[in-house]
Amino acid sequence: MTTMTVMTKPHRTIWQRWNWLLWVVVIGALYYWTINGLKFTGLQESAGAVSQSIVDGLVHPQWSYVYDGSGEDLLSLILQTLAIAFLGTIVSAVISVPFAFWAARGTHERFFLRSGSGKVVLTLIRTFPEIVLAIMFIKAVGPGSYAGVLAVSIHSIGMLGKLFSEAIENMDRGSEEAITSAGGRAGQVFALATVPTIMPEFFSYTLYRFEIAVRSASILGMVGAGGIGTPMIFAIQTRNWPKVGIILLGIVVMVLLIDSLSEQLRKRLI
Amino acid sequence: MTYPETPRRSWVQRWHVKGIVGTVVLVVLLIASSRMTGVDVGMFFSNFGQFMNLLVRMSSPAWDYTAVIIQPLLETIQMAILGTTIGAALAIPFAVLSASNLIHSRLLRGVTRLFLDLVRTLPDLLLAAIFVAIFGIGSTAGVVTLAIFSFGMVSKLFYEVIETIDMGPLEALESVGASKVTIIWYAVLPQILNQFISYFLYTLEINVRASTVLGYLGAGGIGVFLQRSLNEFNYSQTAVIILATLVVVLVIDGISNHLRRVLL
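Residue numbers (UniProt numbering), protein chains in the order written: chain B, 1 to 270; chain X, 1 to 264.
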């Protein structure tokens, strides 16, 4: 007689065996709700013709718009867009530093009242849509790139503050302790240990945020906050597809250049 | 007696050339860009009252408006779910094509990645403006915008996941002569599925945020109401919309964070 060893399957409860079914039902219901809830307008009759002319415009961009010396051409507006993003990011990086120290969880902190409240404030700032901020600032300082700068500066605090505070939480405390144990005062610890340790990370995050700001600065113009977005939305509304084509091309080239430049710089930093 | 040589600092180090040049460049760029954008600090503070007035009017939200915006808010979520799903589904083949451990042809990979890089450069609102022109005002334009937008983002995240997988099971299947499809189904998919879902949820979070403003250009959802309230200078309604959006974003973030923690 041969002994037979039966491989028993590990015992699984009914719940474990069948809970995938629950997921199927939940996800199925979710998608049912999603697809039924949306009213698909379907393609407009003109959709084909419009797409045709868009492709046409993209293939034959209006090259004359690139530079005509009027100050309203593609190059000057792209430069203006970059200026909005740059200035907004730098201003926001400076303002973010105190916010970051507010929101960073301290090592001796109890109940995390300070850092918790800071985190809530940063989340609130982050969720406030940039477009709405831009519209509010347009009311305050009039339409133009100044409103764009203000919108980028305030909106970026939400994300930069969060990234900065996480950098502070995760930083190496060794040099701080060294200065403290050598009898350094709080100000000296901050200036000689804290700042040099986190500076490269702050710079790197600022560059990263600048990449995002370039993208948002290029659309803020759609609501009148300066930069390349303003002629873009006008060109779309007047169905001037060759102009849309050249502006799209300009934005793509600008974003690619800035991204690779910033990546190079960030690689050197860390 | 010889003294140990003191470390020599190069001319560049001694005069802090890098730091000084960096600072000068930064200052020049700052001045140039503030002139170009016409920044006027004084004007901001002289008009600060107006800005504060706006905030004050926002700080008394018109709560009865909540009932009106529940439906468009749900529509926003639906747009985000559908857009992300379509985008992620489209992204899978492109992610496979640009993963260096699956595709050995450098040319094919390069072309796919260049295409993905190009897609990623386009900001969401720009896409929305174009698709509204094609599909007309409504949520269809929003769904297509979000699909394209998430396609660019998800495909990059996906191929980075694929590139980190353990190649052992793949080589095992390859050595017994399995086809490419079989390899992907049995060796690649089980390793990446959880991370894919996690990134899908992460993209969904971003899309929910993005979809709230798409309607500003006519692409459906809560943004339509946002634009209406802003145009009518009805800031107490704007406040309700922003608060409601905040709640939705936080709820979706919470659910998605929980699911992602369970998955990974």
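Derived from the structure by calculation, the hints contain no laboratory data. Ideal placement from N, C-alpha and C gives every residue a C-beta, glycine not left out. Among these hints, one or two may not hold up.
[To be verified] Not close to chain X: a few residues of chain B, all C-beta gaps over 12 Å, as computed:
| id | residue |
| --- | --- |
| 1 | R12 |
| 2 | S51 |
| 3 | P61 |
| 4 | D73 |
| 5 | R110 |
| 6 | A167 |
[To be verified] Dumping the calculated DSSO-like pairs for lysine-lysine here, alpha-carbon to alpha-carbon at most 27 Å:
| id | chain 1 | residue 1 | chain 2 | residue 2 |
| --- | --- | --- | --- | --- |
| 7 | X | K156 | B | K39 |
| 8 | B | K267 | X | K180 |
| 9 | X | K180 | X | K156 |
query: Within 27 Å, alpha carbon to alpha carbon, are X/K156 and B/K39?
result: 31 Å, violated
query: X/K180 and X/K156: Cα distance at most 27 Å?
result: It holds: about 21 Å lies between the C-alpha atoms, which stays within 27 Å.
- prompt: In terms of Cβ atoms, is chain X entirely out of 12 Å range of B/R110?
  reply: Since the minimum Cβ distance to chain X is about 25 Å, B/R110 lies beyond 12 Å and the statement holds.
task: Evaluate the condition: distance from the CB of B/D73 to the nearest CB of chain X exceeds 12 Å.
output: Holds, because the least Cβ-Cβ distance between B/D73 and chain X comes to about 14 Å, which exceeds 12 Å.
- request: Find the nearest Cβ of chain X to the Cβ of B/A167 and say whether that gap is larger than 12 Å.
  value: Per Cβ check, B/A167 is outside 12 Å of chain X; nearest 20 Å; holds.
message: Hinted pair, alpha-carbon criterion (27 Å max): B/K267, X/K180. Please report holds or violated.
response: 36 Å, violated
field: Consistency of the no-contact label for B/S51, given chain X and a CB cut of 12 Å
entry: Non-interface label fails for B/S51: nearest chain X Cβ at 6 Å, not farther than 12 Å.
field: Non-interface claim for B/R12, where every Cβ of chain X lies beyond 12 Å
entry: 18 Å, holds
query: B/P61 clear of chain X by more than 12 Å, beta carbon to beta carbon?
result: 14 Å, holds
The structure does not agree with the numbered hints 2, 7 and 8 stated previously, though it agrees with the rest.
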